[in-house]
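Enquirer: Generate the whole structure from the sequences, applying the supplied hints.
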Amino acid sequence: MDKDPRDQPGRHDLAHNAPAHVQTSEAFLAEFAALDLSSQRKKIRELSEAEEENYSENHALIYTRLMEHADPEVRRCAVEAMWYYPEEEHVDRILNLFWFDRDEEVRGRAAMVLGRYMYEGFVMEELDSVLAQRVKRALLETATDSQESIIVRRFSIEALSFCTDDPKVLNLIEEAYFAPDERMQLSALFAMGRSGLERWHCYLLRTLDDADKEFRLEAISACGEAQIIAAVQELQKVCFDMDRDLRMEAIWALGKIGDERALHTLQRCARDPDPEVCEVAQDAIEELGIAAAIARGEFEEDLDEDDLADFDVDDDPGWDDEEDAEDER
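Positions 5 to 333 (the numbering used here) are the ones given, in order, by the sequence shown.
For the record, the hints were derived by calculation from the structure and aren't laboratory data.
For glycine and all other residues, C-beta sits at the position ideal for the given N, C-alpha and C.
A hint or two may mislead.
[Unchecked claim] What follows is a list of derived Cβ distance ranges for each label pair: (1) P171 x R210: 19 to 29 Å; (2) M128 x E57: 14 to 24 Å; (3) E61 x A37: 15 to 25 Å; (4) L33 x Q271: 46 to 56 Å; (5) L209 x E108: 29 to 39 Å; (6) D213 x E130: 35 to 45 Å; (7) E91 x R49: 15 to 25 Å; (8) A234 x N175: 17 to 27 Å; (9) D185 x R210: 15 to 25 Å.
Expert: Put into structure tokens, the structure is as follows:
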């Protein structure tokens, strides 16, 4: 539940190299077929995990072929990687997996990928409207089917959360929040953050101090996605929590929210002795700078440290960053 299409590269500009990609893909598939199952799983997992940083190669042919593999783990990796290839030509294959695969985890991953088509169709309006409505109907039918697997239903609701003006979708999200199954509740929090609607802010803010760590993590992430300004003060505190996972998520969320009060906190985190915390904080500072530049109408792709120096750091008077941080430690 961690993919945001707004942060993902597209592959539309790779079509001019199609013949080369076909040859490379066929060679990969031939080598793949000769491996034992354990090695196949490792290879497809490594390839799919590298997609986020892949700006030059089109692997869609590999993934669509391996979506028919006998092993469900291979199929899961293959269909999940299709998130990065939201072309109309792939919709039918993904829908078939979503409807008919024997493994509910595979179907859940297919639902997640269909969420990319919801984004392209209802947020960016770059997908054929008839096709977008077709995908939406499929997701709605599954999400509202009480006999359906929880795994498939929850990912369907997450996928639908881009449809922010549909009362049916909003009702589904709210019902999931109050569902008895905690997995549905977690998906509701994710969907609330992705939709970014103000009507969900109170739910997310309330969950920031939940006793369950998994719920806190999801709420922190959702507050970042929804850019909830009211969450900044609490997130500043969590940046110095004893729990490393909570710290990392809160640092990331502050960068996404883009509130300039967060800069001082993030700068302190960037000096943390933990190198991973430093790296996340530095990324968050860059994200914060981009958000501020966008707000000023001055965004440029190559944001440098001079841009950050212009920030107006005005920490919330209710939160003394220097003193309370030590208390949290």
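Enquirer: Could you run down the list of hints and mark each one as holding or not?
Expert: Cross-check of the supplied hints:
Between P171 and R210 the Cβ separation comes to about 23 Å, which falls inside the hinted range of 19 to 29 Å. The given range of 14 to 24 Å is respected by M128 and E57, whose C-beta atoms sit roughly 22 Å from each other. A beta carbon spacing of about 20 Å between E61 and A37 agrees with the range 15 to 25 Å that was offered as a hint. A C-beta distance of roughly 48 Å is found between L33 and Q271, which places it inside the suggested range of 46 to 56 Å.
In this structure, L209 and E108 meet the distance hint of 29 to 39 Å, their C-beta atoms being roughly 33 Å apart. A C-beta distance of roughly 39 Å is found between D213 and E130, which places it inside the suggested range of 35 to 45 Å. Checked against the hint of 15 to 25 Å, the C-beta distance between E91 and R49 comes to roughly 23 Å, which is consistent with it. Roughly 24 Å separates the CB atoms of A234 and N175, a value that falls within the hinted 17 to 27 Å.
Between D185 and R210 the Cβ separation comes to about 19 Å, which falls inside the hinted range of 15 to 25 Å.
In summary, the structure agrees with every hint in the numbered list given earlier.
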